[in-house]
Amino acid sequence: MITPKSFWSPHRFLLAAIGIGIIVSCAIFMRWDWLPDYYEIILAGVWRTIWLLVISVAIGFALALPIGLVQVRGPRPLAILARQFCTVIRGTPLLLQLWLLYYGLGSVFSTIPEIRGSAMWPYLRQAWPYALLCLTLSFAAYEGEIMRGAFLGVPKGELEAGRAYGFSEIQLFRKIWLPRAIQRALPTLGGEVVLQLKATPLVATITMIDVYGAFSKVRQDIFITYEPLLLLALIYMIIAGFLVMLFRYLENRIPTQ
Amino acid sequence: MDTISSFFESLQLLSLTPPGWGGNLLRGLLHSLEIALGGYSFGLVIGVLGACGKLYAGAFVRDTLACYTTLVRAVPELILILLFYYAGTDLLNQFMHLIGRDPVDVDGLVAGIFVIGLVQGAYATEVIRGAILAVPKGQLEAARAYGFSFWQTMRSITLPAMLPYAIPGLANLWLIATKDTALLAVVGFSELTLETKQAAGSTKHYMLFYCAAGMLYLMVTLISNQLIQRIEAWSRRGFAERGAS
Chain A
43 MITPKSFWSP HRFLLAAIGI GIIVSCAIFM RWDWLPDYYE IILAGVWRTI WLLVISVAIG
103 FALALPIGLV QVRGPRPLAI LARQFCTVIR GTPLLLQLWL LYYGLGSVFS TIPEIRGSAM
163 WPYLRQAWPY ALLCLTLSFA AYEGEIMRGA FLGVPKGELE AGRAYGFSEI QLFRKIWLPR
223 AIQRALPTLG GEVVLQLKAT PLVATITMID VYGAFSKVRQ DIFITYEPLL LLALIYMIIA
283 GFLVMLFRYL ENRIPTQ
Chain B
808 MDTISSFFES LQLLSLTPPG WGGNLLRGLL HSLEIALGGY SFGLVIGVLG ACGKLYAGAF
868 VRDTLACYTT LVRAVPELIL ILLFYYAGTD LLNQFMHLIG RDPVDVDGLV AGIFVIGLVQ
928 GAYATEVIRG AILAVPKGQL EAARAYGFSF WQTMRSITLP AMLPYAIPGL ANLWLIATKD
988 TALLAVVGFS ELTLETKQAA GSTKHYMLFY CAAGMLYLMV TLISNQLIQR IEAWSRRGFA
1048 ERGAS
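Taken in order, these protein sequences are the chains called A and B. Residue 127 in the numbering used here sits at position 85 of the first sequence, with consecutive numbering throughout. Residue 1026 in the numbering used here sits at position 219 of the second sequence, with consecutive numbering throughout.
Worth flagging that the hints you see were computed from the coordinates, not collected in a lab. Keep in mind the model is a prediction, meaning the values are calculated, not measured. Treat the hints loosely; a few may be bogus.
[As the list claims (entries may be wrong)] For the chain A half of the interface with chain B, some residues (derived, Cβ under 7 Å), not all of them:
(1) His53
(2) Gly146
(3) Val150
(4) Ala275
(5) Ala282
Just so it is clear, CB atoms sit at the ideal spot from N, CA and C, and this is done for glycine as well.
This is chain A alone, in the form it adopts within the complex (with noise of 0.2 Å):
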């Protein structure tokens, strides 16, 4: 039990001091002059990042729902369909995925005419739809596995139960078995945010300026290296932290019983 006088004992207070001088001493032996100048597409990156993060987790997590379920239940075709796209994506590299999108697909898009001449062309020659569909289906296959053991592990009582009131199949699935398997998935959905967030950086190297492409910038520019990585470090820190609160008030909020 952690209580806030058991908290502070001494040697956190060490610890803490050490922490404190470690960013102080950052904050005056390092160059942070630059900042003011990159402060702008820092905050675009950020941004960036940001809704990259959100987009794809939202329609992931949509796509990762009728994966799981037809993992569980079948039809057969799709079930097997579903666990091999989940292994496939599950066992390659994420940066791969998007190379081989991005470069290998964008490469065949430019030679077919058809493509070429269609409006969907100028988004097509940008990075960000490559980079948004490659990180949406690594999340929809990692939560689509997770989402798979949820609809397993609700108790077959509560589907009878569900049945023998007279609900119907589609009446069932919208009123037990999806919020069920939902709140069992809950808990490692943040975890999974998190693990998402960490893998956005990766799409700065299809020229995307996210929030590490944009530090990448400034560590080209002005030659300097331990100053961007750890300012950059520690904003990744920040996002990760408060996600992580937001998915512990999101499961407070939800009843477990």
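Following the hints, complete the assembly by docking chain B onto the known chain A.
Chain B alone, transformed into the frame defined by chain A:
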């Protein structure tokens, strides 16, 4: 007909000897596996020590370890790899300067293993800590009742008994390690992903090479899964008969 023959022509680019690039890909795969294996082992060592520190050491060590695992798990691997890579080589060279030696050129392989190991160590610490906590109390009390010392208990009870609880998590970490090696492409280490990028860039057959590399990674994962299943069954021997799972 034309597209099919040109497809087979492009497949020749995967042959093992130049002008094919297959040899390069396989060399990259070998480097990836070396780093994954080295980094994973290094991470396991950190994990066992870290878990013991978190469970048995004094408050100061415990909190320092808590900082390490929290920080590493909250910051993207890509940034950690860059930080550890630059900071590690810098610190080493400053140390060499201090003891009056010439600066050394750090081998990419060693740096990669070091970096992946530090990242893996944080996760392994948590996995092993949880597994040690899952060992039934009665077994440890029995050991104490028989007069086992701390180290004897550790060696013959705690570590073997925690294995079935730790192996699923550790297996997952191995799969993550093999995929994390791809991130070293960003610092210019020629593992599978970077070799693939170079091959694809110089031949302009992007789709072919990225798919080929994807297959190689997938093969590593699938073979690993087979091995993991066997290891899991082995570590749980004596578990199923008692009806516990």
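(request) Could you tell me which of the hints above the structure violates, numbers in ascending order? (result) Structure breaks no hint.
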